[in-house]
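Trainee: Please build the complete structure, drawing on both the sequences and the hints.
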Amino acid sequence: MALLEVEDLKKYFVVKRGFFSRNTGQVRAVDGVSFTLERGKTLGLVGESGCGKTTLGRCILRLIEPTAGRTVFNGTDLGQLEGGALRRMRAGFQIIFQDPFSSLDPRMNVGQIIAEPLRNHLKLSSSEMRSRVADLMEKVGLHPRQMVRYPHEFSGGQRQRIGIARALALNPLAIICDEPVSALDVSIQAQVINLLARLQEELNLSYLFIAHDLSVVEHISDRVAVMYLGRIVELASDEQLYRNPLHPYSRALLAAVPVPDPEIKKEKILLEGDMPSSLSPPSGCAFHTRCPVRKEICIEQAPVLQDVGDGHRVACHFA
Amino acid sequence: MTDASTESPRMTQPAATASRFRRQWAKLKRNKAALVGGVLILVFVLTALLAPVLYRGNPSAPNLMKSLEPPSLENPLGTDELGRSILGRIIYGARVSLLIAVGVIAVGIILGIPLGLISGYYGGKVDFIIQRITDAMLAFPGFLLALALVAVLGIGLKNTMISIGISMVPIYIRLVRGCVLSVREEIYVEAARAVGTRDAVILIRHILPNVMVPITVQTTLGMGTAILFAAGLGFLGIGVQPPTPEWGAMLGSARNYLFHAPHVATFPGIAIFLAVLSFNLFGDGLRDALDPRFKL
Numbered sequence: 000m001a002l003l004e005v006e007d008l009k010k011y012f013v014v015k016r017g018f019f020s021r022n023t024g025q026v027r028a029v030d031g032v033s034f035t036l037e038r039g040k041t042l043g044l045v046g047e048s049g050c051g052k053t054t055l056g057r058c059i060l061r062l063i064e065p066t067a068g069r070t071v072f073n074g075t076d077l078g079q080l081e082g083g084a085l086r087r088m089r090a091g092f093q094i095i096f097q098d099p100f101s102s103l104d105p106r107m108n109v110g111q112i113i114a115e116p117l118r119n120h121l122k123l124s125s126s127e128m129r130s131r132v133a134d135l136m137e138k139v140g141l142h143p144r145q146m147v148r149y150p151h152e153f154s155g156g157q158r159q160r161i162g163i164a165r166a167l168a169l170n171p172l173a174i175i176c177d178e179p180v181s182a183l184d185v186s187i188q189a190q191v192i193n194l195l196a197r198l199q200e201e202l203n204l205s206y207l208f209i210a211h212d213l214s215v216v217e218h219i220s221d222r223v224a225v226m227y228l229g230r231i232v233e234l235a236s237d238e239q240l241y242r243n244p245l246h247p248y249s250r251a252l253l254a255a256v257p258v259p260d261p262e263i264k265k266e267k268i269l270l271e272g273d274m275p276s277s278l279s280p281p282s283g284c285a286f287h288t289r290c291p292v293r294k295e296i297c298i299e300q301a302p303v304l305q306d307v308g309d310g311h312r313v314a315c316h317f318a
Numbered sequence: 000m001t002d003a004s005t006e007s008p009r010m011t012q013p014a015a016t017a018s019r020f021r022r023q024w025a026k027l028k029r030n031k032a033a034l035v036g037g038v039l040i041l042v043f044v045l046t047a048l049l050a051p052v053l054y055r056g057n058p059s060a061p062n063l064m065k066s067l068e069p070p071s072l073e074n075p076l077g078t079d080e081l082g083r084s085i086l087g088r089i090i091y092g093a094r095v096s097l098l099i100a101v102g103v104i105a106v107g108i109i110l111g112i113p114l115g116l117i118s119g120y121y122g123g124k125v126d127f128i129i130q131r132i133t134d135a136m137l138a139f140p141g142f143l144l145a146l147a148l149v150a151v152l153g154i155g156l157k158n159t160m161i162s163i164g165i166s167m168v169p170i171y172i173r174l175v176r177g178c179v180l181s182v183r184e185e186i187y188v189e190a191a192r193a194v195g196t197r198d199a200v201i202l203i204r205h206i207l208p209n210v211m212v213p214i215t216v217q218t219t220l221g222m223g224t225a226i227l228f229a230a231g232l233g234f235l236g237i238g239v240q241p242p243t244p245e246w247g248a249m250l251g252s253a254r255n256y257l258f259h260a261p262h263v264a265t266f267p268g269i270a271i272f273l274a275v276l277s278f279n280l281f282g283d284g285l286r287d288a289l290d291p292r293f294k295l
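In order, the protein sequences belong to chains A and B.
Numbering that gives the first Met the number 0 applies: residue 0 is where the first sequence begins, and numbers increase by one.
Numbering that gives the first Met the number 0 applies: residue 0 is where the second sequence begins, and numbers increase by one.
What the simulated footprint calls covered on chain A by chain B, stretch by stretch (three residues with Cβ under 8 Å from a Cβ of chain B suffice, anywhere in the stretch; the number is not a length): (1) 89-101; (2) 114-127.
Here are the computed lysine-lysine pairs in the DSBU-like style, where the Cα-Cα straight-line distance is at most 35 Å: (3) B/K124 with A/K9; (4) A/K294 with A/K9; (5) B/K157 with B/K65; (6) A/K267 with A/K294; (7) A/K40 with A/K9; (8) B/K124 with A/K15.
If you're looking for bench data, these hints aren't it; they were derived computationally from the structure.
The beta-carbon is built from N, C-alpha and C at its ideal position, and this holds for glycine as well.
Mentor: Following this line, the structure appears as structure tokens:
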């Protein structure tokens, strides 16, 4: 059985306008997303800014309440949990945030930040606490001597390590990595990704790895989901997706990945225009406004995500 | 940039709180007006604490033989209509004013901060109810609200503090709520929820420390207002009651002798003026010093 099962998850934000706060519409940030995540595996989730990847991550953890859908984590339906049970569940399912500069409380020192999850869930003496925090810091490549320092004294990469140590504190089964390296220098990105990969191997962690950069996701993922306007348009194993992308959007994304070799001639696909507003999504296939291969049917009928063999699922009439 | 240089900790930098405090203190020191305010507050507080040392007589004991005397060596600021030393009454009056200021702020903070935190953090219906009550209270001018509350609670020192204190509660609620609204959207608050921190702990551990700066400034400015309001109630005869020496009440009774003994009204007036001015100057300076966007 999969560690995490997400079934038809939806999050609609209601837009209110005017004096009497009439509901004038809804933003379909996440519109019926389903996937599974196995123990010890990584599912990469890619898409442009605003496609709903971050909202999806938050909804799974119920940091944002989803509008509809079911999330089963380790045999527990997360939608049913309240109060204390929800807090205990979060011990086993953690998140690493995109911006390492705003995800750490500027008025707490590193020791206090990493100890916070321990204080919430365990009753430890202060010396036990300190040794646990020191262990965690070493595990992510920080020196325990830096425990008394404040977040602003660290570089972006180090701050992200602090965030990772905090997420690891309670020995979680799974971690949602919400663009954990996109705010970092390129030179630091590889270090942090290698750290995440090493920790996954050591601790048998499962990752839901959210990113907008396909090359980052390629390195760490077992399977990759491509998201567009709140829906998954293609879901395949790492290899399948990179070698044989079936959805025109995935192809365009892959074509945009720079290859550091001037000799290689790549297929160039330039998408026209911006992503449509999720306040008024296009009819039929949401991608038809920018799709290079669209036909009549795409405007009228939304394609379903269907298996085309070997667990390679794609939502396109022509795949 | 090499990996080593971006990843190495900035070892030379001192701990965050210490360096921040030093920077703010330096900014405050360069602000002359704030410095004057700070010195005046110090004088005011010392006067209040050392009153029995500074004036050895009983400031409330009448001596009708010496009524309404002008300033002299024996009574440097003259005497009032009952022959009591005005200097002595101003010195002891500082105690009353300080006590009122502290009491008022205590009432304002104890009620205002928790309500503001709850209103801002939870939002929704709770927020709506608290904010409509706040609106209603803010619709009255602060002094009028205090006046109305005295009418309900009755006169006296304790009721003066409670009335003025309650009149300040809506100001604190609004201030705290506004700050909480911005802080609660911070990712570190979401991070705290993600590691299973309870709401109450989040409010105290993460949100309150990050809204302390505006609260500190408001408290300093509020002390000045509290003294002024207390003097106003005393002047109208519905604040602190005689024979307790209170600046506003002194001013109130002196108004009958304004023409042939103007000193009786002048000196308590100056005391009120200086006390209020000192808190306002210092509060303004504090606001500038604590605001990281305002660089000197």
